[in-house]
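Here the protein sequences come in this chain order: A and B. Per this note's numbering, the first sequence starts with residue 122, numbered consecutively. Per this note's numbering, the second sequence starts with residue 122, numbered consecutively.
Check before you lean on any hint, since a few could be wrong.
Note: identical chains are not told apart, hence a pair may lie in one copy or across any two.
As the list claims (entries may be wrong) - Only pairs whose alpha carbons sit at most 30 Å apart, straight line, appear in this in silico DSBU-like list of lysine-lysine: (1) Lys419 / Lys369; (2) Lys160 / Lys497; (3) Lys501 / Lys182; (4) Lys161 / Lys479; (5) Lys321 / Lys174; (6) Lys321 / Lys445; (7) Lys220 / Lys497; (8) Lys419 / Lys464; (9) Lys174 / Lys419; (10) Lys219 / Lys473; (11) Lys351 / Lys155; (12) Lys369 / Lys497.
Just so you know, the hints here were simulated from the structure itself, not pulled from any lab data.
2 protein chains.
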Amino acid sequence: MAVTLAGNACIGQSGGPTVVINQSLVGVIEEARKHKEIKKLLGARHGTRGIMKEDFIDLFKIPGRRLELVAATPAAALGSVRHKPREEEFAVMLDVFKKHNIRYYFYIGGDDSAKSADIITGMAKIANYEMRVVHIPKTIDNNLMESDHSPGFGSAARFVACAVRGDDLDNRSLPGIKVNVIMGRDAGWLTAATVLARRKEGDGPHLIYLPEMPFTIEKFIADVKEAYAKYGRCVVCVSEGIRDPQGKLWGAIAGRQVAEALKDEYKDLFGKLEMDAFGHLQLSGTGVLADFLTGRIKEGIDVTRVRGDTFGYLQRSFVGFASKVDAREARQVGRVAVKCAVKGLDGSVAIKRRAGKKYKAYFELVALKLVAGKNKEVSKEFICPSGNDICPSFRDYGLPLVGDLPETALLEE
Amino acid sequence: MAVTLAGNACIGQSGGPTVVINQSLVGVIEEARKHKEIKKLLGARHGTRGIMKEDFIDLFKIPGRRLELVAATPAAALGSVRHKPREEEFAVMLDVFKKHNIRYYFYIGGDDSAKSADIITGMAKIANYEMRVVHIPKTIDNNLMESDHSPGFGSAARFVACAVRGDDLDNRSLPGIKVNVIMGRDAGWLTAATVLARRKEGDGPHLIYLPEMPFTIEKFIADVKEAYAKYGRCVVCVSEGIRDPQGKLWGAIAGRQVAEALKDEYKDLFGKLEMDAFGHLQLSGTGVLADFLTGRIKEGIDVTRVRGDTFGYLQRSFVGFASKVDAREARQVGRVAVKCAVKGLDGSVAIKRRAGKKYKAYFELVALKLVAGKNKEVSKEFICPSGNDICPSFRDYGLPLVGDLPETALLEE
Numbered sequence: 122m123a124v125t126l127a128g129n130a131c132i133g134q135s136g137g138p139t140v141v142i143n144q145s146l147v148g149v150i151e152e153a154r155k156h157k158e159i160k161k162l163l164g165a166r167h168g169t170r171g172i173m174k175e176d177f178i179d180l181f182k183i184p185g186r187r188l189e190l191v192a193a194t195p196a197a198a199l200g201s202v203r204h205k206p207r208e209e210e211f212a213v214m215l216d217v218f219k220k221h222n223i224r225y226y227f228y229i230g231g232d233d234s235a236k237s238a239d240i241i242t243g244m245a246k247i248a249n250y251e252m253r254v255v256h257i258p259k260t261i262d263n264n265l266m267e268s269d270h271s272p273g274f275g276s277a278a279r280f281v282a283c284a285v286r287g288d289d290l291d292n293r294s295l296p297g298i299k300v301n302v303i304m305g306r307d308a309g310w311l312t313a314a315t316v317l318a319r320r321k322e323g324d325g326p327h328l329i330y331l332p333e334m335p336f337t338i339e340k341f342i343a344d345v346k347e348a349y350a351k352y353g354r355c356v357v358c359v360s361e362g363i364r365d366p367q368g369k370l371w372g373a374i375a376g377r378q379v380a381e382a383l384k385d386e387y388k389d390l391f392g393k394l395e396m397d398a399f400g401h402l403q404l405s406g407t408g409v410l411a412d413f414l415t416g417r418i419k420e421g422i423d424v425t426r427v428r429g430d431t432f433g434y435l436q437r438s439f440v441g442f443a444s445k446v447d448a449r450e451a452r453q454v455g456r457v458a459v460k461c462a463v464k465g466l467d468g469s470v471a472i473k474r475r476a477g478k479k480y481k482a483y484f485e486l487v488a489l490k491l492v493a494g495k496n497k498e499v500s501k502e503f504i505c506p507s508g509n510d511i512c513p514s515f516r517d518y519g520l521p522l523v524g525d526l527p528e529t530a531l532l533e534e
Numbered sequence: 122m123a124v125t126l127a128g129n130a131c132i133g134q135s136g137g138p139t140v141v142i143n144q145s146l147v148g149v150i151e152e153a154r155k156h157k158e159i160k161k162l163l164g165a166r167h168g169t170r171g172i173m174k175e176d177f178i179d180l181f182k183i184p185g186r187r188l189e190l191v192a193a194t195p196a197a198a199l200g201s202v203r204h205k206p207r208e209e210e211f212a213v214m215l216d217v218f219k220k221h222n223i224r225y226y227f228y229i230g231g232d233d234s235a236k237s238a239d240i241i242t243g244m245a246k247i248a249n250y251e252m253r254v255v256h257i258p259k260t261i262d263n264n265l266m267e268s269d270h271s272p273g274f275g276s277a278a279r280f281v282a283c284a285v286r287g288d289d290l291d292n293r294s295l296p297g298i299k300v301n302v303i304m305g306r307d308a309g310w311l312t313a314a315t316v317l318a319r320r321k322e323g324d325g326p327h328l329i330y331l332p333e334m335p336f337t338i339e340k341f342i343a344d345v346k347e348a349y350a351k352y353g354r355c356v357v358c359v360s361e362g363i364r365d366p367q368g369k370l371w372g373a374i375a376g377r378q379v380a381e382a383l384k385d386e387y388k389d390l391f392g393k394l395e396m397d398a399f400g401h402l403q404l405s406g407t408g409v410l411a412d413f414l415t416g417r418i419k420e421g422i423d424v425t426r427v428r429g430d431t432f433g434y435l436q437r438s439f440v441g442f443a444s445k446v447d448a449r450e451a452r453q454v455g456r457v458a459v460k461c462a463v464k465g466l467d468g469s470v471a472i473k474r475r476a477g478k479k480y481k482a483y484f485e486l487v488a489l490k491l492v493a494g495k496n497k498e499v500s501k502e503f504i505c506p507s508g509n510d511i512c513p514s515f516r517d518y519g520l521p522l523v524g525d526l527p528e529t530a531l532l533e534e
């Protein structure tokens, strides 16, 4: 058995928030309180940036009633960060950890945060500073390796499924072609979840496109034409991360075309391309891809009513609509992280699924390196061979994470 | 007392759907069943278009269990229509009414539908064909004259309030400038409702712009700069219907600039401007206004993180998130319409509010002419003199319609 390591603990939140990210924070606070090895739990404001600036909040001092409300509140309560620390910044962080006798470090985030956690683990070892580091998963993108699914995904999937169900009913009542752009730069899990909106043949989404399958305008227009001819309307769900056969993001192509086409005086007004600290292109926070795709449809198909929506930040932040399973599991991964850490373990908490008909999850600590900076794509088994739809088997995977959807009905069916 | 008019009834749904529009439909079906004067209730598919084509569904044949599910289902179950009938088409409709012995006509829609209903009423009178016509209000825009509020508004307002609450939390965790574009071409009620997201000083939305107040880019940039300096971040909610001091829609200006600036080969790819049958410019289904405004901010203010979202069709169609009060009242206006019609009255059902602290609504039948083609703007008393915010008094007006919002909390406040 590992020797008990006593000292303080630190926790941070990183990357794009989810509606259940604070469930994990509160899970850590609750569990940490139970372990006398953990004297203090310091919350770092805005993640790694808060650690470097020693900008902490004493989390054991927050009353329980408030914690419950915070748990149900979307978006990182400690503040988040998109900064990728440089080597010398990691050294500063380690110094801060030493100074505050921080022996436990919990970092809630995606694959980039797992990487951060892995670097810190390595530096602490080299410096011979004993500390435990546990990465707590969070991402609406659902793209973490070693996990069946990630906390945050179920709620975002619930949101997009209900949004697309409603949008499909709207489109049924005023028929036309509708394009919805869904978050998920590198993996199409969230876009795939829009298939849950479909109850039966004829329901939208009629076409679904993921970053995992190359996307060409020619095939897209042909697909839309075919669906429109068949149903007299067409609802399309497209990931913001769709790429051309050379791997170029269509969001970037669309943005660049607008930027280049605009006169000098308006050059920066639209489609300005932005890279984040991790070198990822900014795809959210603009409607340019949806407008580009509806433009191509208007050009290619003779239909009066063509509309585009970009679901945007609502997918990861909408209040009061979390998936119950997702909220519960997000709380549990926080608790598990603390339990593992006080047992002397480092790693990333992964959610696994038991075999069997009834949904049941369990948790495992996996090596940080298996998650750090990696991307789990949508399994090929879930993507229809046509490349423009999701297989019915996805329902068995996704529905337990999302929970039952509200019932809807047509007058005749 | 009026002589009983026996015959069949017809109902249609028109314009942009809401999430409670089928509550009104089911309210009409329920109530109509109780009155032996009404032999049959014919649902016209896609409104006036269905009447002209005699495309009907016998609504008394739909079983009760299904009706309850339909009531809770967003978007016109009968199908909607945006077509504005010409005079000869109204004549065709009247012929169809005569042919099917339709003596009661219920039309669910906004101010354009009230106009349709008014025209039919007049033509029936001239033709000496006795029939009752009642307009049943519906619009997320909340812009119907004579009403305290319109069915559909409360649910859309609930959606945008929760969306902006979440978006504000997201912006708090990753600070920057965020622009949200909200539906409502001619009246800013729905955009005004975003103020309900604000719990206390410092919460967003920090700036709110309605079509009722002229909007200039210079003032906008100055406002955003000031808010950003004060809060270190800024969440802005803007109506899609904001106009320049000459009354020109900024959505149209933005669309035209892109369209003009684009090279010939891409000319139709973005910002193609579309008019609907009523001569209204299409403002929804494109992200061009949000992209235009974020572009102006990037040009005018030195801030890294500037994002725009267009809430789009989700505002009027999202499944499973209706306001309870709104759903109940939408059902009631349907019932009231039938009761009035069998009493021998024509008109438009209006929701009124009793004076007093506790919210209580009642219903009145008002003359169609008072509602037809008219637009109720946001009362000046609700708009702050600065022109960029909504007064706290709006809370008393709006919150009862929306219902209590989910509780959220910060770690420290």
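Taking the hints in turn, this is what the structure says about them:
1. Lys419 / Lys369: Both ways: Lys419 and Lys369 sit 23 Å apart in one copy and 25 Å across, limit 30 Å.
2. Lys160 / Lys497: Answer is neither: 37 Å inside a copy and 61 Å across each miss the 30 Å cutoff.
3. Lys501 / Lys182: neither (48 Å within a copy, 45 Å between copies)
4. Lys161 / Lys479: Close neither inside one copy (40 Å) nor across copies (47 Å); limit 30 Å.
5. Lys321 / Lys174: Classified as between; 28 Å across copies, 54 Å inside a copy.
6. Lys321 / Lys445: Both ways: Lys321 and Lys445 sit 25 Å apart in one copy and 28 Å across, limit 30 Å.
7. Lys220 / Lys497: neither (37 Å within a copy, 63 Å between copies)
8. Lys419 / Lys464: neither (60 Å within a copy, 49 Å between copies)
9. Lys174 / Lys419: between (52 Å within a copy, 28 Å between copies)
10. Lys219 / Lys473: Neither, since 34 Å and 66 Å both go past 30 Å.
11. Lys351 / Lys155: Neither, since 60 Å and 40 Å both go past 30 Å.
12. Lys369 / Lys497: Answer is within: at 19 Å inside a copy they meet the 30 Å cutoff, but 48 Å across does not.
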